[in-house]
Amino acid sequence: MRFLLRRLGFFVLTLWAALTINFFIPHLMPGSPLQALRDRTHNKLSPQALQELLASFGFKPNQNIFEQYLDYLRDMLTGHWGVSIGQTLGTPVSTIVGQALPWTLGMVGVATVLAFILGSLVGTVAAWRRGGRLDAILPSVFVVTSALPYFWVALLLILMFSVWTNGLLPSDFNYDSSLQPDWSPEFIGNVLQHAVLPAATIVITAVGGWVLTMRNNMITTLAEDYVRMGRAKGLSDRRIMYNYAARNALLPNLSGFAMSLGFVISGAILVEYVFNYPGLGYLLYNAVQNNDYPLMQVLFMLFTVAVLVAVLVCDFAIAWLDPRSRAKG
Amino acid sequence: MRRTKAIVAVAVVIALSVVMAACGTKKNNTTSNSSAPAKTSYKKGGTVTIVNVQGQTWPCQFNPFNPANNAVSLGFVYEPLVFVNILKNQAETPMLASAYQWGADKKSIDFTIRDGVKWSDGQPMTADDVVFTFNLMKQTPATDLYSLWSGAGLQSVTASGNKVTLTFANPAGPYFFNFANQVGIVPKHIWSTGDAAKKPDTWEDPNPVGTGPFKVDPCSANNIQYTANADYWQPGKPYIQKVEYPAYLDNGPGNLDLASGKGQWGSQFIPNIAQFYLNKSKENHTWSPPVTNVALYPNLDPSHKATSNLAVRQAMALAIDRAQVAKIGEGGQQPAANQTGVVTPTFNKYFDDGALKSSGYDKPDVAKATQLMQSAGYSPSNPLKLTVISVTGYTDWDASLAVVKQNLKPIGIDLTVSDLAQQTYDDKLYKGDFDLAYYGSAGGPTPYTELRQILYSKNSAKIGEDASTNYERYLNPDVDKLFDDFATADDAGQVAIIKKIQAAMLKDIPVIPTTESVDWFQYNTSDIGGWPTEQDPYAQPAAFNVPDTGQVLTRLYSNAAQK
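Protein chains in written order, with the working numbering: chain A, 1 to 329; chain B, 330 to 892.
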């Protein structure tokens, strides 16, 4: 119990520190929302008129920065996130984020989980049969693919499965713009079709890391006494591999996985850009480009909370899976 | 709309175009403009898809007073009083005003409001709505985007019968483009109630009611679909019945859809356009008319010794091979500019070719430039070191500046290109913290707009303070006077004034234009006809020009629907 409380306290402290940094760093960036708006309107409109417009959307550059900070803390906690003052001028931040979040969670999230499961499985099997044919080929292939840049893999996939094959798989958007979102099989099929290439990009580039670490952990674990003991007892190979070795080999990977789940929400910016996939990643890019403080603050807060929550859950999970971590709690 | 912003996007397109070119079939691309006489009316039907990169999903807001969103409502749903065509010597097309009459000294103007125009909800459009629109901008200054009340001296807007009179404190000729062409008229019965009345500047206007050729039906984050307004006041129009406007986040995907024909109306930069787009189909065309200048802005403040020295600026203007910058830097997709600052051929009417030729700036003259640099105390062995600021990710600018750097080297200028993040660049540009800046200004219906932005002293500021447009800090009372006189001059007088301003450009070299930036425009003719072309430039063709989109939308027709 003390362990859990300490973790929770740590969580709150980290959250506050992160929120504070999230507020001050964007305000230290060069430029201002006004400048960004002047750029986007090509300096055709007078700066005074634009200043006035931004003011009516709630941009208060002259207010005391600490008052702004207190307002910000209150707004973040109460969910009054305000309206965008960047490229989506005037749109409530909650609407923008609400539209983008499900797509990122769905596509990037599923791809990340798939990469983890696939990577761990391949790593387990490769280590079990180390020196075998599988072990000779798969890990080295995945080392190469994990070293490839996201956007390059994305381009290659577009080229192979969309351009050369005359649009076999769609290369942009999250669904055909002629469809209206609903729960019909047709629409869901369309969404899945559009997710194939971007998700494949993420799986291909992310899976290698999991394969390598899992294989190494497995090899260490397989040398443990309790594995030899299992063999001596005459347990089946399958049982030893999954229940004795893999279960313990997986533990160190879990916190890494939790972190990567937390980072899911920040989206794979490049993947979303190349595939014109309207998730959170490109939102962040736009927000930063346009000094869109309200949108930036909310996005940073979401990323922070996502990572912290994922780590917290992982801590609890490890405490449950591995009694040793609680011992000195 | 965006130029090549993210390096990644450029890499995407280049990588794809290289590979695609290698395996694509080369087709001869000739213009297939049918020489058949233009029909006056067409059958209805067909869909056009616009590819104009926004870098955002649609917020589904259509408030014409919100500059972040109004490009999807003006022209489509909301219409101006008079359409002014920049590309055809300000040729006017009456829209919601069937006629107008200037008063004495151009200090007042009477618009006759068109009869029989209906809002898309069935109510009639009247002079009251026009008066309401202009008074709205007075009551809520944030909606007065063109500073008509605060800057242009608009004093009152009144209606009598079907006439609307605008009165100004000063002659208002130069503002005609803004108040007649850029302001979309909104319906009083919608905007005088509820949220619209309380906060007209921030209201979302999700279901816009206008007089225009199209209605929003429906809008989602991914796509705006417009359907034809069946009761549009121009009988038989629009011919096209549906417009799809997908939200492209970046140039790469947009350009792919243009090349494959999935989108027909393109409005952004396509690198290596011949291979990537034009060779893909003989129905793919491009025509990008020049509208403004991209120029080197030397800092004229005396604190910047080198760039405020006239001889140095003259030498630079003589040494830069503008044709080469256009060909190599912009891949031939932008034409070369000239030292008068008048964009040709768009504004040929004002262009003083003779003055340019006799000044010697019409072609590069390295010998004379070297001499001038020597008189200023510099030579290739003792070069002047200058830094030019540009924007990170504007790859075409980088390529252009590489050419400029080479051009300047032999005359004794060692140019360093400093690529800055957009906002850092803005900050330095506005505050005058640079030796040289590479910048593309905004334009207007005549060269007056652009030249006034660049040269008028009231648009400048002290070094360290934000200048609105005169970033090089050019201060010349004689030139200011010319701009002040422009408003009251007649047509011939205005041409004469612009010619005198060109003389100042040639004498003082306040900025050094290199290339002319264009309205990016690509179009596919396999089904859709009626596009604006070089032969018939009836409106600015790029989909980000408001309200020009309205003109294009009422002229497009589908070939399939004619059968």
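Derived from the structure by calculation, the hints contain no laboratory data.
The structure presented is a predicted model; accordingly, all values stated were derived computationally and were not measured.
A hint or two may mislead.
Listed next, the in silico PhoX-like pairs over lysine-lysine satisfying Cα-Cα at most 25 Å (straight line) [unchecked claim]: (1) Lys44(A) x Lys791(B); (2) Lys60(A) x Lys810(B); (3) Lys829(B) x Lys810(B).
Just some of the chain B residues that point at chain A, by a computed CB distance under 8 Å [stated by the list, open to error]: (4) Pro396; (5) Pro470; (6) Asp530; (7) Glu533; (8) Pro535; (9) Val538; (10) Ala550; (11) Asn552.
Glycine included, every Cβ here is placed at the ideal spot set by N, Cα and C.
Structure-based check of all given hints:
Among the hinted pairs, lysine 44(A) with lysine 791(B) is consistent with the structure: their alpha-carbon atoms are about 21 Å apart, no more than 25 Å. A hinted pair counts as satisfied when its Cα atoms are at most 25 Å apart, and lysine 60(A) with lysine 810(B) does not qualify at roughly 38 Å. Proposed proximity of lysine 829(B) and lysine 810(B) is supported: the alpha carbons are some 11 Å apart, at most 25 Å. Taking 8 Å as the C-beta contact cut-off toward chain A, the hint placing proline 396(B) at the interface holds, the least distance being around 5 Å.
With a least beta-carbon distance of about 5 Å to chain A, the hint placing proline 470(B) at the interface is held under the 8 Å criterion. With 8 Å as the threshold, the beta carbon of aspartate 530(B) comes within range of chain A, its nearest partner Cβ sitting at about 5 Å, so the hint holds. Checking glutamate 533(B) against chain A: minimum C-beta separation of about 7 Å stays under 8 Å; hint holds. Here the hint on proline 535(B) is broken, as its CB sits about 11 Å from the closest CB of chain A, past 8 Å.
A cut of 8 Å between beta carbons decides the hint on valine 538(B): the least distance to chain A is about 19 Å, and the hint is violated. With its C-beta approaching chain A no nearer than about 5 Å, alanine 550(B) sits inside the 8 Å limit, and its interface hint holds. Interface hint status for asparagine 552(B): upheld, as the beta-carbon distance to the closest one in chain A is roughly 4 Å, under 8 Å.
Of the hints listed earlier, those the structure fails to meet are numbers 2, 8, 9, in rising order.
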